[in-house]
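Colleague: Each chain is listed here by its residues.
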Amino acid sequence: MPVFEYAPAPESRDLANLKPSYRPFIDGEFVDGGGEPLKTVNPATEEVLAEVSTASAADIDTAVKAARKAFEKTWGPMPGSERAKYLFRIARLIQERSRELAVLETLDNGKPIKESRDSDLPLVAAHFFYHAGWADKLDYAGYGPDPKPLGVAGQIIPWNFPLLMLAWKIAPALATGNTVVLKPAETTPLTALVFGEICQQAGLPPGVVNILPGAGDVGARLVGHPGIDKIAFTGSTEVGKLIQRQVAGTPKRLTLELGGKAANVVFDDAPLDQAVEGIVNGIFFNQGHVCCAGSRLLAQESVAEELLDKLRHRISTLRLGDPLDKNTDVGAINSAEQLTRIRELADSGEAEGAQRWTSPCPVPDRGFFFAPTVFSGVHQSMRIAREEIFGPVLSVLTFRTPDEAVAKANNTPYGLSAGIWSEKGSRILWTANRLRAGVVWANTFNRFDPAAPFGGYQESGFGREGGRTGLEGYLSV
Amino acid sequence: MSNQPERITVAKTYKLFIGGKFPRSESGRVYPVTDRKGNFLANAAHASRKDVRDAVVAARKAFPGWSGATAYNRGQVLYRVAEVLEGRRDQFVAEVGAAEGLSGRRAETVVDAAIDRWVWYAGWTDKVASVLGAANPVAGPYFSFTVPEPTGVVGILAPQKSSLLGLVSVLAPALATGCTAVVVSSAERPLPAITLSEVLATSDLPGGVANILTGRAAELGPWLASHGDVNALDPTGAEDRAELAREAAGTVKRVLAVPAEEPDWTQRPDIARLRRYLEAKTVWHPMGV
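Protein sequences appear in the order of chains A and B. Quick note on my numbering: the first sequence kicks off at 1 and runs consecutively. Quick note on my numbering: the second sequence kicks off at 1 and runs consecutively.
It is possible that some hints are incorrect.
Computed list of lysine-lysine pairs in DSS-like fashion (alpha-carbon distance at most 27 Å, straight line) [to be verified]:
id	chain 1	residue 1	chain 2	residue 2
1	A	Lys148	B	Lys127
2	A	Lys85	A	Lys73
3	A	Lys408	B	Lys61
Covered stretches of chain A, as calculated for chain B (at least 3 residues, CB under 8 Å) [what the hints assert, rightly or not]:
id	stretch
4	439 to 450
5	467 to 477
What the hints contain is simulated information worked out from the structure, not anything from laboratory work. Note that beta-carbon positions come from the ideal geometry of N, C-alpha and C, so glycine has one too.
Kindly generate the complete structure, drawing on both the sequences and the hints.
Modeller: This is how it looks when you write it as structure tokens:
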């Protein structure tokens with residue numbers, strides 16, 4: 001049979017309306033930040049995309065004051081039905097500009113356009129739509145009549161889903177009547193700043209949303225700022241612990257969405273071809289830069305070899321390269337720093353005796369790329385089985401009995417997500433019941449929806465995002 | 001006849017409650033407990049760090065069984081505790097009266113409220129899931145549902161003033177959710193807690209589900225807060241809550257937000273304490289033929 005090559009199908013980068021410089025969004029205006037400017041880089045080409053002015057301590061003060069004033073004067077007292085209309089407007093504006101935002105996201109983050117276009121942006125809009133509807137129905141949320149907002153929320157988000165994490169944070173905060181000061185990640189600030197434009201276009205009152213680009217020091221100042229009532233953080237467990245320590249003993253409320261080391265459990269009666277698709281989606285979606293990535297494959301011994309063969313074959317067909325190419329499955333690693341970390345952890349896997357297999361796909365000679373990699377013969381004590389790699393690296397372990405699968409799956413300080421593959425309903429429910437994880441996907445993986453609460457057990461953090469449960473983190477209840 | 005000696009009462013030695021048993025403190029230490037007027041009542045066991053660790057081990061061991069029991073069964077067991085409490089009502093009235101310096105009537109009111117509080121929480125076991133859970137209307141062909149699950153082992157520093165009603169108000173919600181607990185009782189007023197231990201031991205509660213230590217929150221709190229196998233911390237009876245919260249961050253523990261002053265336990269609670277001990281688990285499954 002002839003092998004057909006894919007012709008390149010690049011999306012136009014002009015759609016991103018990329019500007020040479022971007023500025024913080026404070027009190028309804030884009031202003032020059034007093035911090036050290038940073039350059040944001042396209043991880044697929046290593047070219048500088050834009051210069052971004054960052055926030056100084058004084059800018060943080062100004063933003064927090066603006067948010068406080070907006071909370072007291074406009075947004076807080078506003079009837080929920082009016083707040084709802086602003087959120088609906090924002091949701092519509094996002095849909096209207098989704099192509100621009102998807103391309104910009106891909107340029108800044110390195111994720112395939114296929115994913116930013118078909119997964120991130122629709123979900124971003126959906127989060128604003130979903131929460132818009134809650135704004136005037138909070139009496140029915142189950143927290144008693146007329147639950148109150150907390151005040152000013154300081155929100156810190158990671159680089160793996162820059163705009164989606166913004167939506168997860170801002171939509172529920174605004175729906176419940178809070179105002180926000182949000183810090184996007186150092187390496188991916190662009191779409192968050194364009195979101196500032198969307199707030200202007202929606203006519204959102206000044207100060208309700210403030211966006212402060214910067215590095216970890218801006219985040220730390222925000223966490224320590226006395227004018228903040230609530231901190232919402234998504235990022236590493238390490239930083240989450242620091243924040244929890246910093247907030248301890250203050251009246252600030254805290255929710256944490258931290259790391260994970262999800263087990264994807266494949267039983268011998270699983271539909272193997274479907275499972276292979278789910279495993280691939282679970283670990284290679286967004287280059288594995290997903291806190292809930294299925295990075296530990298637990299295969300029942302009797303099907304492990306067959307599963308691994310199918311898996312390697314399927315992974316070999318994944319196309320790695322230009323994230324703007326619509327045929328690309330695996331894009332660029334977000335930063336040189338992250339690439340170094342992935343390499344180091346992968347090397348530790350080899351050093352500790354696991355068998356490494358790397359997809360034979362061609363790898364571009366520029367940009368930050370890491371070919372999909374699978375380790376077999378992995379033991380629970382190895383670093384690649386215990387530490388979050390946050391990259392396209394899968395560790396395969398085996399088990400014999402369902403009890404052993406559950407024990408191995410739960411043998412981690414994390415507890416964000418898990419996967420189960422089996423044709424047997426009772427076995428799925430039995431396993432789902434025992435897995436200590438906030439999200440369990442059975443015969444599917446990496447599904448997200450604003451109506452379905454998401455969040456972790458144990459060191460994957462506390463609090464939920466989405467659903468009725470997610471409102472709790474922004475209400476004084 | 002008149003020079004017949006008065007009967008000497010049988011004085012009781014008070015001990016800890018760990019894993020359904022009543023051991024002495026590993027440390028061998030005791031401390032004197034007095035009534036509000038300073039009269040000696042008894043020596044109570046002075047729990048140590050090792051006792052805390054033993055209690056956590058017992059609580060962890062009991063967790064799969066207790067959390068895995070049906071909600072209906074947990075409700076039955078907790079209601080049984082209320083029945084046994086009621087049977088010991090007079091003893092509690094005397095002990096609470098002595099511990100808190102309350103008159104007979106006031107002590108009766110407090111004990112009645114504690115029993116009623118226990119019954120209230122017992123009735124929640126099979127209702128939290130339907131009140132806090134959900135079927136999620138997701139935008140795709142998936143069946144997605146969210147169920148609340150117990151977070152695990154809870155460390156509780158019980159209120160210092162309210163020796164029984166306060167204790168019941170912090171322990172019962174943890175047990176109702178399916179969590180297991182290690183409780184440090186009020187340091188100055190521990191005797192009702194020990195009698196509650198006897199109630200728990202003689203009702204149907206499996207050993208290790210509730211473990212009650214008499215001792216000092218200031219001494220034992222940090223071990224509970226930093227323990228890697230404790231999932232949540234209720235610092236109500238602690239003084240230095242900020243430091244405990246910092247310790248708890250080491251394992252991303254859930255720390256209950258509690259007011260600086262001990263609350264008025266006679267007020268009817270809402271379900272906030274139940275909610276804090278629950279994790280929401282969202283399960284997804286494809287729908288189709």
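Colleague: All hints, please: hold or fail.
Modeller: Taking the hints in turn, this is what the structure says about them:
Our distance criterion of 27 Å between C-alpha atoms is met by lysine 148(A) and lysine 127(B), whose separation comes to about 25 Å. Distance check on the hinted pair: lysine 85(A) and lysine 73(A) sit about 18 Å apart at the alpha-carbon level, within 27 Å; holds. For the suggested pair lysine 408(A) and lysine 61(B), the alpha carbons sit about 18 Å apart, so the restraint of at most 27 Å is met. Proximity of the stretch 439 to 450 of chain A to chain B, defined as three or more residues with a beta carbon under 8 Å from a beta carbon of that chain, is established by the 8 residues found.
Counting residues of the stretch 467 to 477 of chain A whose C-beta lies closer than 8 Å to any C-beta of chain B gives 5; at least three are required, and the coverage claim holds.
Of the numbered hints given earlier, the model fails none.
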